[in-house]
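Novice: Generate the whole structure from the sequences, applying the supplied hints.
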Amino acid sequence: MGLALCFLVFHDPLKVTPETALKPPSFTFPGGTDRLGRDVLARASSGFKASLGVAGTAEMISLGASLFANLLLLLLAKVRLKALLSVPLLALRTVPPFLTGLALAALLGATNWGLIIALAMISFPFEVAVVEEEINASIEMPHIEGARAIGLPFYMILFRHVGTIAAPRIMRYALLDFVGLVAFEALLGFVGMTRPPAPSIGAEIYNAGPYVATYPWLFLVPGLLLAAGLIVFNAGFARLVKGR
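So for the sequence shown, my numbering puts the first residue at 7; every next one is plus one.
Simulated from the structure, these hints should not be mistaken for laboratory data. Errors might be hidden in some of the hints.
Simulated DEER-style distance windows between Cβ atoms [what the hints assert, rightly or not]: (1) K55 - L82: 35 to 43 Å; (2) M162 - E139: 18 to 26 Å; (3) P30 - L182: 33 to 41 Å.
Predicted model, so just to flag it, every value in this text is computed and none were measured. For each residue, glycine too, the CB sits at the ideal point set by N, CA and C.
Specialist: Next comes the structure, spelled out in structure tokens:
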């Protein structure tokens, strides 16, 4: 409930009011104000919602690309092509994901689409392997083998039978991976991969650094909101995964 209330902010996160600069939390500004008089809670909330949107879009792109790549290779049955593609994917998995995202974000620029592509590339090398494993495990099930034995077309088996088995498992991974991408988006914002004055929860935490000792709410409000959001989403998705 407390996290949901953070989204019910009515101040403009971009509005500058110098006369209210660095005010502590109050009834008017529940999260206090920053050095430009902007509502800290409004900026943190807006930044977190932006993180959810960017991470969600990146996850959908990564998941879609993973499904497309695996289904295409299965339908074409190109073993050599699969072996060829596995080399760069393995190389990407050996690089720390944050370095991959940081390099791509720096190359593509501090834009929403730059962040989305960077996050999608963080996720894709791992997600494509998970999708492949789940599809292969489904294909090896006895009733799938039986369907192939009686001569059903492979594409029909793949979409009608394998898909219904593998899809729930793949979605469970995608939900938990989404939470990780939210954290990565905040981390990229922390190191400057955003474009001011648009709110970014990672950038808000970074900008609060020089003021932590004297104006702690500048750090605590976005920091606690991010932590609470990640915990709530992770716990909720984990419970959903266990419940299925």
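Novice: Against this structure, judge whether each hint is valid.
Specialist: Verification of the hints:
no.: 1; hint: K55 - L82: 35 to 43 Å; verdict: 41 Å, holds
no.: 2; hint: M162 - E139: 18 to 26 Å; verdict: 22 Å, holds
no.: 3; hint: P30 - L182: 33 to 41 Å; verdict: 37 Å, holds
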